[in-house]
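Asker: Each chain, written out:
Protein chains: 2
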Amino acid sequence: MAFEVIYTDTRTKARLGRLTTTHGVVETPMFMVVGTQGTVKGLEPRDLLETRSQVVLGNTYHLMLRPGREIIAAAGGLHRFMGWDGPILTDSGGFQVFSLAKLRKITDKGCVFNSHIDGHEFTLGPAESMEMQRVIGSDIAMVFDECLPFPCPEDRAIKSVEQTLKWAKASKDAPHAQGQQVFGIVQGGVYDQLRRKCAEGLVDIGFDGYAVGGVSVGEPENFMYQAVDASVPYLPEDKPRYVMGLGVMHQMAECVARGVDMFDCVIPTRVARHGTAITRRGNVAIKAAKWAFDQGPVEEGCSCYCCRNFSRSYVRHLLNAGEILGMRLLTIHNVWRLNEFMAEMRTAIAGGYFADWKEQIKETT
Amino acid sequence: MAFEVIYTDTRTKARLGRLTTTHGVVETPMFMVVGTQGTVKGLEPRDLLETRSQVVLGNTYHLMLRPGREIIAAAGGLHRFMGWDGPILTDSGGFQVFSLAKLRKITDKGCVFNSHIDGHEFTLGPAESMEMQRVIGSDIAMVFDECLPFPCPEDRAIKSVEQTLKWAKASKDAPHAQGQQVFGIVQGGVYDQLRRKCAEGLVDIGFDGYAVGGVSVGEPENFMYQAVDASVPYLPEDKPRYVMGLGVMHQMAECVARGVDMFDCVIPTRVARHGTAITRRGNVAIKAAKWAFDQGPVEEGCSCYCCRNFSRSYVRHLLNAGEILGMRLLTIHNVWRLNEFMAEMRTAIAGGYFADWKEQIKETT
Numbered sequence: 001m002a003f004e005v006i007y008t009d010t011r012t013k014a015r016l017g018r019l020t021t022t023h024g025v026v027e028t029p030m031f032m033v034v035g036t037q038g039t040v041k042g043l044e045p046r047d048l049l050e051t052r053s054q055v056v057l058g059n060t061y062h063l064m065l066r067p068g069r070e071i072i073a074a075a076g077g078l079h080r081f082m083g084w085d086g087p088i089l090t091d092s093g094g095f096q097v098f099s100l101a102k103l104r105k106i107t108d109k110g111c112v113f114n115s116h117i118d119g120h121e122f123t124l125g126p127a128e129s130m131e132m133q134r135v136i137g138s139d140i141a142m143v144f145d146e147c148l149p150f151p152c153p154e155d156r157a158i159k160s161v162e163q164t165l166k167w168a169k170a171s172k173d174a175p176h177a178q179g180q181q182v183f184g185i186v187q188g189g190v191y192d193q194l195r196r197k198c199a200e201g202l203v204d205i206g207f208d209g210y211a212v213g214g215v216s217v218g219e220p221e222n223f224m225y226q227a228v229d230a231s232v233p234y235l236p237e238d239k240p241r242y243v244m245g246l247g248v249m250h251q252m253a254e255c256v257a258r259g260v261d262m263f264d265c266v267i268p269t270r271v272a273r274h275g276t277a278i279t280r281r282g283n284v285a286i287k288a289a290k291w292a293f294d295q296g297p298v299e300e301g302c303s304c305y306c307c308r309n310f311s312r313s314y315v316r317h318l319l320n321a322g323e324i325l326g327m328r329l330l331t332i333h334n335v336w337r338l339n340e341f342m343a344e345m346r347t348a349i350a351g352g353y354f355a356d357w358k359e360q361i362k363e364t365t
Numbered sequence: 366m367a368f369e370v371i372y373t374d375t376r377t378k379a380r381l382g383r384l385t386t387t388h389g390v391v392e393t394p395m396f397m398v399v400g401t402q403g404t405v406k407g408l409e410p411r412d413l414l415e416t417r418s419q420v421v422l423g424n425t426y427h428l429m430l431r432p433g434r435e436i437i438a439a440a441g442g443l444h445r446f447m448g449w450d451g452p453i454l455t456d457s458g459g460f461q462v463f464s465l466a467k468l469r470k471i472t473d474k475g476c477v478f479n480s481h482i483d484g485h486e487f488t489l490g491p492a493e494s495m496e497m498q499r500v501i502g503s504d505i506a507m508v509f510d511e512c513l514p515f516p517c518p519e520d521r522a523i524k525s526v527e528q529t530l531k532w533a534k535a536s537k538d539a540p541h542a543q544g545q546q547v548f549g550i551v552q553g554g555v556y557d558q559l560r561r562k563c564a565e566g567l568v569d570i571g572f573d574g575y576a577v578g579g580v581s582v583g584e585p586e587n588f589m590y591q592a593v594d595a596s597v598p599y600l601p602e603d604k605p606r607y608v609m610g611l612g613v614m615h616q617m618a619e620c621v622a623r624g625v626d627m628f629d630c631v632i633p634t635r636v637a638r639h640g641t642a643i644t645r646r647g648n649v650a651i652k653a654a655k656w657a658f659d660q661g662p663v664e665e666g667c668s669c670y671c672c673r674n675f676s677r678s679y680v681r682h683l684l685n686a687g688e689i690l691g692m693r694l695l696t697i698h699n700v701w702r703l704n705e706f707m708a709e710m711r712t713a714i715a716g717g718y719f720a721d722w723k724e725q726i727k728e729t730t
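These protein sequences, in sequence, are chains V and R.
Counting along the first sequence from 1, when you hit position 248 you're at 248 in this note's numbering, and nothing is skipped either side.
Just add 365 to the spot in the second sequence (first one is 1) and you have this note's numbering.
Bound-form chain V, shown alone:
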């Protein structure tokens, strides 16, 4: 059994799970750090272990463009290429085709687009995406889907869900790497009936796990919870549920309360590169002049490598001097912070006080 629910909260739908992959067992609920181009920016595999990262998310779109399928195949897959022996989940590339690339046309077979790097023309559909994910050798592959923008008119959303279901079936039927799990993605925008239809359609096809997609795309927070509420009840209890692109602490807690197990987001790594520390008391701009002489750690009470060894004064200096070590140290802190937050959440669920804990953390995170 790849996924096992080991405990369910009595006051919410939160659950503790154990997800078994080809490269190890993962405790859920969990946060996945994003390694877009075959590296979590500035971190190496030993840093991922040290920050208690369980799963790395690789971007199929980026890896297809650079270094490309052949180079990853020559290495024997992404695990060996990047030296990461733990689990890897790959997205399908659909989101990036619609958000980054210059899209040329969409057919049942997929999308024709121009690379955002050099304009080179590519085709990406269920066949190409699953083939790339097969070569990458990710532990979990995502189906190729269309990620709708917000807002989106209902007629467009209806057509898109039809397309997404066709692509999901084609993704399921394509060849996969040995032991590779495949997750479906529920789309449907803010339309509850469409979300339900999409979820039920995916369950009919049958997947190893299910994601809620098309959230965290600029919509107000309540629409996000609505999308989750309209999707999760129609997904099987015994499969993992994954909200894509979400990494805000209290939002993850709210989704866990609705029965979600997995998250990913570029926020912790991206904001670190801009000098922002994520803390349990909110975001902190470490470049600010008020930290110039501050000998305290980036976050009081934090046990990450950055906070155990360096002061705000030093990290601020590095950031202001343009030293890459500043970005690296904040990345280490932010990734640790989110992983520790999820560990704390698992402890709260196991301890039976998750609902109270969730209310308490809402004010600061």
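Honestly, the hints are just simulated from the structure, not real lab data.
A hint or two may mislead.
Stated by the list, open to error - Heads up, simulated SDA-like pairs for lysine to any residue below, C-alpha to C-alpha not over 25 Å straight-line:
(1) V:K287 x R:P518
(2) R:K652 x V:H120
(3) R:K652 x V:G119
(4) V:K287 x R:H481
(5) R:K652 x V:P45
(6) V:K102 x V:P149
(7) R:K655 x V:H120
(8) R:K655 x V:G119
(9) V:K287 x R:E435
(10) R:K655 x V:P236
Stated by the list, open to error - Some chain V residues flagged as far from chain R (calculated, every beta-carbon gap over 12 Å):
(11) E70
(12) I72
(13) A127
(14) K197
(15) G201
(16) V203
(17) V232
(18) G275
(19) G326
(20) R346
(21) E363
From the three backbone atoms N, C-alpha and C, an ideal C-beta is built for every residue, glycine too.
For this one, chain V is given, so just place chain R on it according to the hints.
Answerer: Only chain R this time, still in chain V's reference frame:
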């Protein structure tokens, strides 16, 4: 005794030494890695230990401009500011004033110049330099000197050496941090008599060690050895000798054969950031297309973290994708390479085969 010569080669002037500092004992001959702005670019203290770095060189000029004296004082010195518990040597800032800054005027008291960062006006002379180095708390401080360009007319060199000797005396007489050693710097350009005069003048003042300055400033290789040959014989046997700004492997070996113990250079860290690996078979441009599919390490037989874990194909991808991890991994490799080279050199001296070893490595490094 701060410096002890523990063995001298019979066929050359190479020697094995042990330099005791407030932050530990250093084996010589040795290479010092440069941490310009309070960090060896991209590396943290644990990386310095792992790459077998013994001493970090801090740049007084850069640290004075940013973060500035007060912030380093608030941290209790550079060791605590950057989290490095090993020995630190600081230069005087003279070289950067003459090479980087917009120099306004020179007097017996020092230089008035505009910061290369924001144009702010600073004064840097023996008093200011030694005060900044005192606050930094380096284990070894260098006297404030004028580094002559190449070529330089003899009359200018004569005046400059007079100035350098005055500044050396003033630097010696200034207050120092507790346990801080102070090294003099022999200048004199390509003029043997001037080098001798400067060396003898410095020995009269009396320092804990002596550097040969004004080399590796664009002069042909033979002029560099000439400057070393014209300086070293007039320096005491029982004090360490340091050629500043030199980090080319066979050149360091040649200088060690002439009785030199210490070196520093930005080359290993700077070229890493441009994608060049330093190897025992010469420099290698890792970005080159020929490494696209290469599963071998950056350098065959190397035991550094980069070479033990990653392929040329992967490091090349990181560099071409602009990922900072690529620069970081090559920096780790290059620093390790030079430190290992020096360790190999010490073994050759101890084993009595240094002269043969030096001839053998000349062809490839």
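Asker: Give a verdict on every hint.
Answerer: Consistency of the hints with the structure:
A hinted pair counts as satisfied when its Cα atoms are at most 25 Å apart, and V:K287 with R:P518 does not qualify at roughly 47 Å. This hinted pair checks out: R:K652 and V:H120 have alpha carbons roughly 21 Å apart, not beyond 25 Å. At roughly 21 Å between alpha-carbon atoms, R:K652 and V:G119 fall within 25 Å of each other, so this suggested pair holds. Annotation: proposed proximity of V:K287 to R:H481 holds, straight-line Cα distance about 21 Å (limit 25 Å).
With a CA separation close to 22 Å, the supplied pair R:K652 and V:P45 stays within the 25 Å bound. Distance hint between V:K102 and V:P149 is fulfilled; the C-alpha atoms sit about 16 Å from each other, no more than 25 Å. Using a Cα cut-off of 25 Å, the hinted pair R:K655 and V:H120 holds, with the two alpha carbons roughly 22 Å apart. Taking the CA atoms of R:K655 and V:G119, the gap is near 23 Å; set against the 25 Å cutoff, the hint holds.
As the CA atoms of V:K287 and R:E435 are separated by approximately 17 Å, the hinted pair is consistent with the 25 Å bound. With a C-alpha separation of about 50 Å, the suggested pairing of R:K655 with V:P236 is violated against the 25 Å cut-off. Not every beta carbon of chain R lies more than 12 Å from that of V:E70, the smallest distance being close to 7 Å; the non-interface claim is violated. With a least beta-carbon separation of about 9 Å from chain R, V:I72 fails to lie farther than 12 Å from that chain, contradicting its non-interface assignment.
Chain R leaves V:A127 outside its interface by the beta-carbon criterion, the shortest separation being 25 Å against a cut-off of 12 Å. No beta-carbon of chain R comes within 12 Å of the beta-carbon of V:K197; the shortest separation is about 40 Å. Every CB of chain R lies more than 12 Å from the CB of V:G201, the least distance being 37 Å, so the non-interface label holds. The non-interface label for V:V203 is consistent with chain R: the shortest C-beta to C-beta separation is roughly 38 Å, beyond 12 Å.
Chain R leaves V:V232 outside its interface by the beta-carbon criterion, the shortest separation being 36 Å against a cut-off of 12 Å. Residue-level check passed: V:G275 sits 15 Å from the nearest beta carbon of chain R, beyond 12 Å. Look at V:G326: its CB is around 8 Å from the nearest CB on chain R, not clear of 12 Å, so calling it non-interface is violated. Under the 12 Å C-beta cut-off, the non-interface status given to V:R346 relative to chain R holds; the minimum distance is some 29 Å.
Look at V:E363: its CB is around 33 Å from the nearest CB on chain R, clear of 12 Å, so calling it non-interface holds up.
In this structure, the earlier hints numbered 1, 10, 11, 12 and 19 are contradicted, and the remaining ones agree with it.
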